[in-house]
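Participant: Sequence:
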Amino acid sequence: MLSLAGPSSHRRPESAAGPASSTSSRPKGETPPQRDADEAPDEAWTYEMAPQDASSALTGIVGANLRRLRTKRGLSLERLAKASSVSRAMLSQIELGQSTPTINVLWKIARALGVPFSALISDQSIGGTSIIPAARAKVLTSHDGSFSSRALFPFDVPRTVEFYELKLAPLATEHADPHPPGTVENLVVTSGTLEMIVGAERHLLATGDAILFEADVPHQYRNPTKQEVIMYLVMTYVEKTG
1 MLSLAGPSSH RRPESAAGPA SSTSSRPKGE TPPQRDADEA PDEAWTYEMA
51 PQDASSALTG IVGANLRRLR TKRGLSLERL AKASSVSRAM LSQIELGQST
101 PTINVLWKIA RALGVPFSAL ISDQSIGGTS IIPAARAKVL TSHDGSFSSR
151 ALFPFDVPRT VEFYELKLAP LATEHADPHP PGTVENLVVT SGTLEMIVGA
201 ERHLLATGDA ILFEADVPHQ YRNPTKQEVI MYLVMTYVEK TG
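Under this note's numbering, the first residue of the sequence shown is numbered 1, with each subsequent residue one higher.
Because the hints were derived from the structure by calculation, they are not lab data.
Predicted model, so just to flag it, every value in this text is computed and none were measured.
Glycine residues also receive a C-beta, built at the ideal position from the N, C-alpha and C atoms.
Straight-line distance between alpha carbons at most 16 Å, and here's what the computed EDC-like set of lysine to aspartate or glutamate pairs gives:
1) K226 - E195
2) K167 - D144
3) K167 - E228
4) K72 - E95
5) K167 - E195
6) K138 - E165
Derived CB-CB ranges, DEER-like:
7) G199 - E228: 21 to 27 Å
8) H203 - G97: 38 to 44 Å
9) A83 - V184: 19 to 25 Å
10) F163 - G208: 14 to 20 Å
11) A135 - T160: 26 to 32 Å
12) S130 - R202: 33 to 39 Å
13) E201 - V238: 19 to 25 Å
14) L152 - P224: 24 to 30 Å
15) A200 - A135: 40 to 46 Å
16) I131 - V184: 23 to 29 Å
Whenever a hint applies, use it, and build me the whole structure from the sequences.
Facilitator: This is how it looks when you write it as structure tokens:
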């Protein structure tokens with residue numbers, strides 16, 4: 001995906017001059033965040049956290065699932081950090097329920113573990129009929145809050161089909177890493193205009209337009225206008241694991 005989606009560094013809204021860098025957006029004189037010794041220079045772990053006002057309802061669930069899945073696969077924090085490109089410090093913070101990760105970070109972790117996105121956000125204690133009130137929505141966001149994803153399915157068990165409401169701020173771009181082979185995204189724009197970039201292909205979608213594509217290649221969601229884009233995504237995996 002979003003890919004809730006997918007990969008890469010955290011993105012900020014673009015302007016005519018191009019995306020803002022993490023350096024240009026930092027207040028003058030502010031000390032850069034500390035990094036792990038094995039962390040790439042541009043992967044400061046504090047930038048892997050969602051905004052402070054983001055929904056924290058999933059924090060405990062994600063932490064417990066991450067620890068369970070990592071342990072099940074016999075992975076240390078160090079090995080998972082290298083496989084996912086998410087810092088060891090951030091992985092530890094997530095497992096302890098002390099930090100809410102961005103949607104981008106969760107996609108990286110899910111891909112490294114070889115599980116659907118829902119395997120990290122599922123509350124396996126829930127069963128039977130489930131109501132998902134909008135007022136108690138569990139929302140994941142990008143680092144700067146310009147991209148958000150709300151799961152529209154119960155967090156009961158990992159599944160092969162997932163349904164999301166996505167919102168993209170004006171002039172913002174969300175970059176997504178390739179999802180596991182066979183993953184398919186089916187998206188419809190319900191408000192605004194979306195430029196969908198899949199690999200080397202570009203598609204401009206107006207309100208009401210839909211697109212179906214194989215999501216195992218890098219893809220981007222770009223809002224070229226000054227109006228928020230609202231869209232709905234159905235993501236299908238080859239198989240569920242976890």
